[in-house]
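*Asks:* Sequence:
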Amino acid sequence: MIKETSEQFKRKLGNKIAKRRVELGITQEQLANSIGKDKQFINRYENDGANPTAFVLKQLAQVLEISVDELLDV
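The opening position of the sequence shown corresponds to residue 1 in full-length UniProt numbering, with each subsequent residue numbered one higher.
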């Protein structure tokens, strides 16, 4: 039985992105620019619980210097 809802998962993912970004000392804008997006794009993931594509997850993981598994907390 799945205990975590989609909304909980997206919120947890957003928190993980924000935490790792802060650990690396980069801004939302810097992270966004590194993957060819704008600041609002990252803000949606960190605060609104947007659901990234597999390609975006791969890009974020590379820039955040962690594996996709770590990013997804699996």
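Some clues are possibly wrong.
[What the hints assert, rightly or not] DSS-like mimics (lysine-lysine), calculated; alpha carbons at most 27 Å apart, straight line:
1) Lys16 <-> Lys3
2) Lys37 <-> Lys3
3) Lys10 <-> Lys58
4) Lys39 <-> Lys10
5) Lys3 <-> Lys19
6) Lys37 <-> Lys12
7) Lys19 <-> Lys58
8) Lys39 <-> Lys12
9) Lys3 <-> Lys58
10) Lys39 <-> Lys3
11) Lys37 <-> Lys10
12) Lys58 <-> Lys37
Calculated directly from the structure, the hints in this document are not laboratory data.
*Asks:* Against each hint, give a clear statement of whether it holds in the structure.
*Replies:* Structure-based check of all given hints:
1. The straight-line distance between the Cα atoms of Lys16 and Lys3 is roughly 19 Å, inside the 27 Å bound, and the hint therefore holds.
2. Straight-line distance between C-alpha atoms of Lys37 and Lys3 comes to about 33 Å, which puts the hinted pair past the 27 Å bound.
3. In summary, the hint linking Lys10 to Lys58 is supported, as the alpha carbons are separated by about 16 Å, within the 27 Å threshold.
4. For the hint pairing Lys39 with Lys10, the CA-to-CA distance comes to about 18 Å; that is within 27 Å, so the pair holds.
5. Annotation: proposed proximity of Lys3 to Lys19 holds, straight-line Cα distance about 23 Å (limit 27 Å).
6. Note on Lys37 and Lys12: the hinted pairing holds, with a Cα-Cα distance of about 21 Å set against a maximum of 27 Å.
7. As the CA atoms of Lys19 and Lys58 are separated by approximately 17 Å, the hinted pair is consistent with the 27 Å bound.
8. This hinted pair checks out: Lys39 and Lys12 have alpha carbons roughly 19 Å apart, not beyond 27 Å.
9. About 25 Å separates the Cα atoms of Lys3 and Lys58, which keeps this hinted pair within 27 Å; it holds.
10. Simply put, Lys39 and Lys3 have alpha-carbon atoms about 32 Å apart, too far for the 27 Å limit, and the pair is violated.
11. For the given pair, Lys37 sits about 19 Å from Lys10 by alpha-carbon distance, which is consistent with the 27 Å threshold.
12. Pair hint Lys58 plus Lys37 holds up; C-alpha atoms about 14 Å apart against a cutoff of 27 Å.
Hints 2 and 10, counting from the list given before, are not met by this structure.
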